[in-house]
Structure formats: C-alpha cells, structure tokens
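Protein chains: 2
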Amino acid sequence: MRLSTRSRYGTRMMLDLAQHHDKGPVRIGEIAKRQDMPVKYLEQLIIPLKQGNFIKSVRGPKGGHMLARPPEEITVGQIVKTLENGIDLSGCIENPGECERSGRCLTRGIWEDASKAMYDKLNSITLSNMLEMEKSFKMHCSVSGV
Amino acid sequence: MRLSTRSRYGTRMMLDLAQHHDKGPVRIGEIAKRQDMPVKYLEQLIIPLKQGNFIKSVRGPKGGHMLARPPEEITVGQIVKTLENGIDLSGCIENPGECERSGRCLTRGIWEDASKAMYDKLNSITLSNMLEMEKSFKMHCSVSGV
DNA sequence: TTAATCTATACTTAAATACTATAGATTAAA
DNA sequence: TTTAATCTATAGTATTTAAGTATAGATTAA
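Note that the protein sequences, when read in sequence, are chains A and B.
Yeah, the first sequence ends on 250 if you go by my numbering, and it's all consecutive.
Yeah, the second sequence ends on 250 if you go by my numbering, and it's all consecutive.
No lab work stands behind these hints, which were simulated from the structure alone.
For every residue, glycine included, the Cβ atom is placed at its ideal position computed from N, Cα and C.
It is possible that some hints are incorrect.
Stretch-level coverage of chain B by chain A, calculated; a stretch enters the list once three of its residues show a Cβ under 8 Å from a Cβ in chain A [as the list claims (entries may be wrong)]: (1) 106-117; (2) 190-199; (3) 237-244.
A few chain A residues facing chain B, derived, Cβ under 7 Å [what the hints assert, rightly or not]: (4) T115; (5) I132; (6) M141; (7) V143; (8) M170; (9) L171.
Heads up, simulated SDA-like pairs for lysine to any residue below, C-alpha to C-alpha not over 20 Å straight-line [as the list claims (entries may be wrong)]: (10) K220/B with R163/A; (11) K225/A with K137/B; (12) K242/A with G207/B; (13) K225/B with N227/A; (14) K242/A with G213/B; (15) K225/B with Y223/A; (16) K144/B with G133/B; (17) K239/A with G207/B; (18) K137/B with E204/A; (19) K242/A with R208/B.
All chains, full assembly: derive it from the sequences and hints.
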C-alpha cells in the first residue's frame with residue numbers, strides 16, 4: 105500500500121506553490137528544478153488538480169501556475185484523493201459491486217475503517233500547516249547549528 | 105494505495121483458519137474452495153505466515169494448516185505487515201537513505217503519520233474480534249430475516 | 001511576429017502483481 | 001512396504017499498472 109509517485113510528487117508540487125503563494129504565477133520548470141521532479145510528469149499532475157480547483161494557471165510568457173485557494177483551505181487528503189486512483193485500501197469499499205462477496209465479507213469493513221483512519225489523518229493537515237512546520241524546522245536547524 | 109491481493113487473501117485465509125481453530129488441521133484446498141481463492145497462490149502466502157509463527161502445518165494425508173497461536177493473539181496489522189511489502193505509504197519511512205531529500209522533506213513526516221494511523225487501526229483488530237463480528241452479523245441477519 | 005509558456009494526446013519502458021507449472025518431501029493408512 | 005494425500009520449494013509467465021517521454025498545438029506578453 106505505497107502511495108504512487110503521483111500523489112507524492114503532486115503534494116510536493118502543491119507545497120512548492122504554497123511557498124510561493126501570492127507572488128504571481130510560478131513556472132512548472134522552476135518547480136521541477138527545485139523539487140527534482142520531471143517537468144512532463146508534473147504537467148500531467150496539474151490537469152486533475154486544476155479540475156479539482158486546487159490550481160489555476162496563466163498561459164503565455166510570464167505565465168505559470170498558482171494555488172486557486174489559500175493554503176489553509178487545501179488539505180493533503182484532498183490532494184492525495186485527487187491524484188491517487190481512489191483513496192481506499194480496496195476497490196470494493198467505494199464499489200461493492202466489483203466483488204460478489206462484499207455483502208457478507210468481514211474483511212471489507214476492516215479495510216474501510218483503516219482507510220478512514222489514514223484519510224482522516226491526511227485530511228487534518230493543510231498546506232498552511234506544512235508551511236508552519238517548515239518555519240519551525242528551519243528555526244530548529246539554525247538554533248542547533250545543523 | 106491499494107492493499108495487494110496478498111494481504112487481502114492472506115487475511116481471509118487467516119480468518120478461515122480462526123473459524124476452524126482447535127478442530128484439527130485444515131487443508132489448503134478447502135480454504136481455497138470456501139473462499140474462492142487459487143490454491144497455488146495461498147500456498148505461497150503460507151510460507152511467510154509460517155515464518156512469522158502465525159501458522160503451523162502438518163504434512164501427509166490428514167495434514168493441513170492451523171493457527172500457531174490463539175485468535176486473540178493475532179492482529180490484522182500483523183498479517184498485513186507480514187504479507188505486504190512494508191507497511192508504510194512510502195519507502196523512505198523505513199529506509200531514509202533511499203531518498204537524498206529525506207532529512208529535510210516535509211511530506212515524509214506526513215506519510216509517516218498517516219501510515220501509523222492506518223497501522224494502529226489494523227493492529228487494534230484481532231482474529232478473535234473478527235469472529236465476534238461474524239457472530240453479531242449472523243444474529244442481525246437472522247433477526248432481520250435477510 | 002516571436003518566443004515563452006501552458007495544454008493535449010499518445011507512446012514507451014520498466015516494474016510489480018497475480019497467477020501457474022513442475023518436481024519433490026513427508027507421512028497416515030491400507 | 002506401498003500408495004496416495006497432503007504440504008514444500010522453486011521457477012516461470014502473463015497481465016496490469018506506474019512512471020516517464022515525445023510531439024504537436026494553443027495562448028499571449030513583449
């Protein structure tokens with residue numbers, strides 16, 4: 105049950121956009137360079153994130169991308185849900201019809217509960233929270249001299 | 105972040121063994137038939153479950169498999185951890201060296217927390233708990249006439 | 001008009017998953 | 001002692017998914 109590269113890269117891209125929020129459009133090439141992720145791959149991830157109203161874009165020279173909403177209104181759970189192919193540990197949670205046993209399957213309820221536990225945690229963290237974490241991390245490092 | 109078939113089938117197999125606990129060895133062919141899972145696949149899953157001391161086996165005619173410990177001492181989390189290739193949402197949790205960024209990666213901590221939330225939930229459920237769920241499910245169904 | 005950017009679609013490669021096949025070891029019972 | 005029922009071990013294959021790349025086109029500031 106590893107996250108795909110899609111949601112890991114996508115979350116890092118969204119965090120990068122949050123770090124440059126309210127500073128005008130950010131070129132995808134910059135993000136790719138800073139975060140060491142392939143440009144063409146990020147271009148693909150942007151599509152569903154635009155559809156979900158998490159990113160808005162400006163075309164042409166001086167164009168780029170930016171958060172469509174403030175960082176405190178976007179959670180990691182929303183990003184993962186958008187980029188991952190379903191947020192559940194088993195396909196039968198969202199789609200009981202795919203397994204004939206789902207009506208009487210004891211394990212199905214377990215996967216559902218565990219999915220929810222994970223998702224609740226991811227949904228409790230906003231991009232804004234992550235910016236705060238970054239700040240206190242930097243402070244810690246300068247104090248301890250790392 | 106879907107669970108693999110390994111852990112889903114493996115958990116159902118362990119539950120089947122729990123349902124027949126203390127009734128002598130259970131043939132793998134019976135389990136496969138009851139649960140509609142391929143024999144040869146289950147044979148592979150048994151190997152790590154034996155190594156983890158969750159299953160013990162008897163060879164030869166009248167042989168089969170049984171739980172190596174009582175159902176109340178085996179959790180779903182243990183089964184999943186044994187069968188899944190690592191229990192974390194990202195490989196960098198257990199193995200920080202695989203990513204050069206891990207020392208300063210904000211997202212890494214998020215994946216770690218979410219992995220823990222999921223695993224804590226799975227670890228709170230024993231096979232014994234599932235047998236109880238089964239009992240109350242059956243009772244509900246006979247009362248409601250389903 | 002140009003060049004910098006995003007957009008759209010299709011393609012390729014690599015890895016992991018799910019499953020199957022074959023041969024061998026063990027042992028209860030006839 | 002032989003047989004047949006079971007587990008054990010290892011290797012192989014096929015399918016699917018994930019990850020990454022390529023090409024052509026649309027938009028727009030300067």
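With a cut-off of 8 Å between beta carbons, are at least three residues of the region 237-244 of chain B near chain A?
n = 3 at 8 Å, threshold three: holds.
Next pair to validate is K137/B with E204/A; report whether the Cα-Cα distance is within 20 Å.
holds (15 Å)
Pair hint K239/A and G207/B, alpha-carbon separation not exceeding 20 Å:
holds (15 Å)
Given T115/A as an interface hint, is the shortest Cβ-Cβ distance to chain B below 7 Å?
At about 5 Å, which falls below the 7 Å cut-off, the nearest Cβ of chain B leaves the hint on T115/A intact, so it holds.
With a cut-off of 20 Å on the C-alpha distance, tell me whether K242/A and G207/B pass.
holds (12 Å)
Supplied contact hint for I132/A, tested at 7 Å Cβ to chain B:
violated (19 Å)
Has the given pair, K220/B with R163/A, been kept, meaning a C-alpha gap of at most 20 Å?
Violated, because 41 Å separates the two Cα atoms, which is more than 20 Å.
Do three or more residues from the region 106-117 of chain B put their C-beta atoms closer than 8 Å to C-beta atoms of chain A?
holds (count 6)
Taking only the CA atoms, is the gap from K225/B to N227/A under or equal to 20 Å?
holds (17 Å)
Hint check: 7 Å Cβ-Cβ cutoff, M141/A to chain B:
Hint violated; M141/A Cβ to chain B Cβ min 11 Å, cut 7 Å.
Holds or violated: the region 190-199 of chain B covered by chain A, criterion of 3 or more residues with Cβ-Cβ distance under 8 Å?
Holds, because 6 residues of the region 190-199 of chain B bring their Cβ atoms closer than 8 Å to Cβ atoms of chain A.
Would you check the hint for K242/A and G213/B, treating anything up to 20 Å between C-alpha atoms as holding?
holds (15 Å)
Checked against the numbered hints above, the structure breaks hints 5, 6, 7, 8, 9, 10, 11 and satisfies the rest.
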